Amino acid sequence: MKKICKNSSLQPRGKHILVLAILFAVVFLASLSSVKANLNVSLNYPTDNLTVFSSYPVFNISATTTNGATITNFTLYTNESGTFTNVSNVSITNWTLNDPDSTTNPYNFFDMNDTTYAQKTSSPSTSANLGKIFSSSRYVGNVRIKAVATTTTGADGAQTSVVIQTYNGTVWSSVTTLATGTNTATYDNTYALNSMVSGIRVQLNGASGAGASQDHKFYTLDYNETITQTINASVSEGRYLWNAEVCDSNNSCVFAPANYTYIKGNLTLNSFTYNPTTTDLSTENYIANITSDLLTAVTLDYNGTEYTMTNSGNLWSYTKVMQNLSGNKSIRLKYTYNGQNYYSDYYYQNITNVTFSLCDTSLTTKFLNLSYKYENGTVTQASLPSATIYYWLTNQSANKTYTYINTTENKTNYFCSSSPYSLNATYSIQYKNTASPQRIAQETLLLTNTTTNKTLYLLGSTEGIYVTYQVLSSVGDAISGVSVNATRTIDGETVIVGVGTTDSAGSITFWLNPDFLHTLTFAKTGYTTYTLNQFPTQSTYTVTLGTASGVDINDYIRGITYVVKPNFGTTLNVSKLHNFNMTFNSSYWTLDSFGFVIYGDGVEIGANSSTASSGFIFNNLNISSYDHISMKIYWIINGTEVYGKNNGWFTFNYEEGTDWSIWNLFKDFSDYADDGIFGLTQNAVNFIIFMLIFLFVGLASYKFSISSPSVIIGIAFALVFLFDVGLGLINVEVFGATVNNFPTIFIGLILVASVIWEARR
Amino acid sequence: MGVVLAFFFFMFGMLLIPLTKDGVTDARTDIGCSTNSSISDGAKLTCLGLDAGVPFFIITILTLAGGFIGSQLR
Chain A
1 MKKICKNSSL QPRGKHILVL AILFAVVFLA SLSSVKANLN VSLNYPTDNL TVFSSYPVFN
61 ISATTTNGAT ITNFTLYTNE SGTFTNVSNV SITNWTLNDP DSTTNPYNFF DMNDTTYAQK
121 TSSPSTSANL GKIFSSSRYV GNVRIKAVAT TTTGADGAQT SVVIQTYNGT VWSSVTTLAT
181 GTNTATYDNT YALNSMVSGI RVQLNGASGA GASQDHKFYT LDYNETITQT INASVSEGRY
241 LWNAEVCDSN NSCVFAPANY TYIKGNLTLN SFTYNPTTTD LSTENYIANI TSDLLTAVTL
301 DYNGTEYTMT NSGNLWSYTK VMQNLSGNKS IRLKYTYNGQ NYYSDYYYQN ITNVTFSLCD
361 TSLTTKFLNL SYKYENGTVT QASLPSATIY YWLTNQSANK TYTYINTTEN KTNYFCSSSP
421 YSLNATYSIQ YKNTASPQRI AQETLLLTNT TTNKTLYLLG STEGIYVTYQ VLSSVGDAIS
481 GVSVNATRTI DGETVIVGVG TTDSAGSITF WLNPDFLHTL TFAKTGYTTY TLNQFPTQST
541 YTVTLGTASG VDINDYIRGI TYVVKPNFGT TLNVSKLHNF NMTFNSSYWT LDSFGFVIYG
601 DGVEIGANSS TASSGFIFNN LNISSYDHIS MKIYWIINGT EVYGKNNGWF TFNYEEGTDW
661 SIWNLFKDFS DYADDGIFGL TQNAVNFIIF MLIFLFVGLA SYKFSISSPS VIIGIAFALV
721 FLFDVGLGLI NVEVFGATVN NFPTIFIGLI LVASVIWEAR R
Chain B
1001 MGVVLAFFFF MFGMLLIPLT KDGVTDARTD IGCSTNSSIS DGAKLTCLGL DAGVPFFIIT
1061 ILTLAGGFIG SQLR
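Which chain is which? The protein sequence lines are A and B, in order.
All residue numbers for the first sequence refer to our numbering, where the first residue is 1 and numbers rise by one.
All residue numbers for the second sequence refer to our numbering, where the first residue is 1001 and numbers rise by one.
The set of hints was computed from the structure by calculation and includes no laboratory data.
Computed from a predicted model, the values in this text were never measured in an experiment.
Virtual Cβ for every residue (Gly too), placed ideally from N, Cα, C.
Where hints are given, some of them may not hold.
Calculated pairs, DSS-like style, for lysine-lysine (alpha carbon to alpha carbon, straight line, at most 30 Å) [to be verified]:
no., chain 1, residue 1, chain 2, residue 2
1, A, K667, B, K1021
2, A, K366, A, K329
3, A, K576, A, K320
4, B, K1021, A, K454
5, A, K400, A, K432
Pairwise CB distance ranges, derived in the manner of DEER restraints [as the list claims (entries may be wrong)]:
no., chain 1, residue 1, chain 2, residue 2, range
6, B, T1025, A, T273, 48 to 54 Å
7, B, P1018, A, A718, 30 to 36 Å
8, A, N653, B, F1008, 30 to 36 Å
9, A, P257, B, P1055, 39 to 45 Å
Computed far set for chain A versus chain B, every beta-carbon distance over 10 Å [to be verified]:
no., residue
10, N289
11, T451
12, S661
Extracted from the complex, chain B is given alone in its bound form (with noise of 0.2 Å):
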């Protein structure tokens, strides 16, 4: 079952990636966090929160299946 669990949840954040790759392209945009360096400091601290997000949400799928698999073999 943790097997079954672990393979659903990689595949649904597989899924899932693309989409925050979107989200994450246009607030970065939109803020212009390359584009332009007089931005406050506020905003470059929300570009930075942009640029952990996929990273983060991949770590956390990784996380999630790893133990669901973790757990079935304890």
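If we strip away everything but chain A, and leave its shape as in the complex, we get (with noise of 0.2 Å):
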């Protein structure tokens, strides 16, 4: 330092000044730089590498001020030009007034420049609002505030507050109480909001009242803002990066760190086919039209719950039974595109609920009208210790149940629907006095607003017997399940006086009037209907029923018939999700249920079943883990499982062990020219392809004096197919539409033209 000063011309005053100014120059660089505000953008949607299926995406896009600074300008960017250009831009407004209390207020309180917190007003009212009002919401995070508000004189004691408020672009809400005190309320914080707001604002609250004055300060009230703005632009398919610019207020503008790349696909829901209101029962068919090329699944996410939809050519359809289900439900499709998922739009259904019960004030459409006689024909009352109807629309499968008990008697009893559509309905109602025994009436009735008025018949205590038919089979078997209906003439209407199923003991029993002629008939699948006619005198009668003609009742494979796909034995490529389903009909049998069960390697990876007797199951799978999928084939008759014969198939990676072939290089040549490679473009490719083709094909007819145009020919399509249909690298477009191998199919035609006119020389 000393040699410095000896050689130095500056005398000590100018090295004084010289330090100063240094130091001057030092802190002023400091203060800026401790103001400078600090602009962060990050892009949200699409996020890298995502595929978009819209023409006109939305880009989204976030950035963050801090240090009070305010965003102006969002500017898009992508390379689809060749270069990155602007594709689309939007600016932000910033605020537009400083108080909406105070439109005259010359301050600005959003200055973070100031770090003096030098007292930017002092207002005399008894309450003082000052902060800003936005063009549009937008997130705020720390807010820094520095404000006192005093009470000074005529109300000591008075209750003093600094209140922090936000507005919503209608009112302002409190948010919080910042500081209270006696007289004098003071903060000096940085307060986090983190909300989503359309302004901010300090209020100073002091006494109010005679002889009350006060005098608040604010000092200054700052914040840091993010702004998540949307973007819509026009895209092409391809592959492409993209990038957005934000601007800030102190005009330093600034991308995201890294461009994001964006693929455009090829996915076109051209239409999306359901009803958008139905009612609960029904059966709804949901069907898509999808032009894609890389589309692998389609799952239709009903409400939050994802059903698997079945493909045929560009349509994709589920059928959903609606069971218990009322409101408005969301809709949307997940598609499985090059192996990610993506979502369509929402769509929504409306489901009127279906109800049966006894009517009400709220349920007044009468379906169904009970009423009691006895079997004289008097009309009588009736309590139903117990009556279950089952009801339903079309489809059975889809049904609701309706249990009623009522202790005291009535003479009639009015059951109502909301169902805009007639009801099948089963009922089985049980139902006495005190004067009858209990009777069951079981019956299925189609059911519609026109009420249908059923009359139930009761025998008095005195007047009837119980008689027990027991039912066996020709070896002497009892036989359970079997449908029993006895019948009676009543004022010349046949009427139903019991009905019901035998027991595991081949039982049931009738309270009967031992006076009349009674019908009764028995009946089940496998056996030949019997039909008694009798004066019920006896208490017990013993049926036998004979097996109905030529059919074994232990033939349960007997009308059943099934399709497996895929079929058995095939090879299946263990890189995809298969679709193992099953179509199975019973023509003779009615069935408990069918269904198949899945092994991979001998561990059940899958099952499905059904309780009809006919229909289609399905199960999606991914086999990619085992060596041998084998399948087990059910169903279940009268209690009784049958199998069908157990067969399977055998998995195979098709892309294991390719990584060193000649279909890796042309592969990789294709994908190398989709993405760029030398500015090589499909029609440079076809044209290379074609100069190929024509020096092989003009080589070996000169090597080998091939002077057949047939043969020639032979020799181009047999090119023509390697390079279009084995390699894939030809793509023609014919007038302005890609047809599929047209190559191909050109120099076939031309090929068998070539071969019949050579024949026929």
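Two chains, two separate frames, one set of hints: put the complex together.
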């Protein structure tokens, strides 16, 4: 230092000035850096390497500024034109006025440059508000506030407060009281607001009333802000980069730190067909017509529950049974495209609830009226110890159950429904009164809003006897589950006086009048229906049912057919999700259920079943972990489980071991051509392939002296087939549309014509 | 003699294939042939050359072996 001073031409005073100047510069720069706004940009959507399907997708960008700067502009850039180009721009208007209560207030209280907290204003009013209203709602992070509220005279001991408020575009709401005090409230801190608001302000409250005066002092108020902006822009099919530039009020402009890639995929939802309104218990079809290239699965997301749709060509469909559903339900489609899942927009379906119950003030459309008579024709009343009614619209598997108990005897019982359609209903009603034993009525009816009247008959305690029928097979075994129906004629009308099924002992008991002729019918699948006309004077009868003609009751494969896809014995590609399905049909037996269980290397990996007698069931499975898949098919008839022939599939990984193949070479070439290599376009690829074929055919013809046009065209056809179908390298548009394998078809037709022409010569 | 040479070249070539495959795999991984779509055009061309390595090595071996046997049959 001494040496410097010795050699310096500056005088000591000059040195001091220089040192002071340097210090001043350092402090100035430090102060500048301390207030320099920090601007950060992040790209939210599309995320990196995401596939978008819309030609006009939304780009979502967030930007955050600190230290009081405000965001002024978002600019979207893509490289679709070959260079990074501005494709869309959105300007952000900053706050519009200082304060809704004091529009003439000249002070900017969002002033982070003022690190001294110099007093900005004093307000003599009893309450003062200072803040900002924004042009659009934005995320406000930390709010820096320094304010003092003072009640100076006339109201000693008055409560004084500093309150922060937010504006939602319509009204101001107090968020929290930052400070309170007697006569004086002071707040000097950073408050974490962390919310989306359209404005913020600080309210200073003092005492009011005669003689009171205040001296409110605002010093500074500042905030950080984050704005999330969406920009729509047209995009072309392909793979491109995008980024966004954001500028702030300090004229600082920043890009997101890394470009993102978006891929415009080839997927178009041509139509989505469904009923916007429907009813509970109905069966609804959802059909999506989708054009795409790499779509592997479509799932119906119905109010949060996913159902795999079945595919046929461009159509993806799912049939859903509405069971206990009502209200507005959301629907959307989940596409599995090139291994990634994407969602469609939401659709909505409004479901009208269908109920059936005893009529009341809320349910007044009468569907069923039960009335009661004695068998002698006298009208009576009855209680219902138990009534169970199953009802459905058209698909019996979608049903509801209504149970009703009423120990009070009534002459009629009305049942009402909210269904806009006819209802199928099966009831099982136990009814009785004090003078008659209980009977059971069972019947299946079609009910409409035109009331169906049913009369249920009772028989007095002194007029009947209990008669038990036991049903046996021809070899003396009790038969359970036999449907038994007892009828008699009353006033010229055949009425049911007893109905039910036999128990495990093959027995059923009715309360019958022995003085009248009754007709009893005994029926069960696999047995000959037996009809008995009698005056039931005994307490027990035995009925023997013979087997139906030509039918072995144990022939549980009679009328059973099923088709399984994929065909048994084929080899399955492990890299795909496989749809295992079975179309099952039972033309003879009524099944308890049918289904299949799928095993992967002996371990159960999936199953499905149905309680119908016929139908289509499926299961989508990932089989990548298994070498062998097998399926066990079963169906259950009258509790007996019957198995189909076990069969299965072998699996194979078609892509394993192809890393060094010629196919891999051409696959990479195709990929690189798509991504861009030396500016190679599809037309250039087509031209190179044409030259290769031309040279090869020409050389072969010359070398081997081939003069037959058919043979030459045959060689050309083989090469075109190899490059077009085998390697997929040729892509030709015909009148603006891409026709798959058009070159192969075209050369093939020429070859056929040439062979025919040569044969006819 | 031609058959013996053909057998020799065939066996020798088959023994070299695993080494060639490993070399190709290492080179492709280092360049990022499969994982990075933003590699340079030159790197892409190198990848295509590497892709062609093993198939053409096999074709060369079969051609040599077939040539030796064919010359013997003349």
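Hint-by-hint comparison with the structure:
1. A:K667 / B:K1021: Holds: A:K667 and B:K1021 sit about 18 Å apart, inside 30 Å.
2. A:K366 / A:K329: 29 Å, holds
3. A:K576 / A:K320: 26 Å, holds
4. B:K1021 / A:K454: 84 Å, violated
5. A:K400 / A:K432: 25 Å, holds
6. B:T1025 / A:T273: 48 to 54 Å: 49 Å, holds
7. B:P1018 / A:A718: 30 to 36 Å: Roughly 33 Å apart at Cβ, these two residues keep to the hinted range, so it holds.
8. A:N653 / B:F1008: 30 to 36 Å: 34 Å, holds
9. A:P257 / B:P1055: 39 to 45 Å: At 42 Å between Cβs, range holds.
10. N289: Its Cβ never comes within 10 Å of chain B, the nearest being 32 Å, so this holds.
11. T451: Consistent with the label, A:T451 stays out of reach of chain B, its closest Cβ about 72 Å off (over 10 Å).
12. S661: 6 Å, violated
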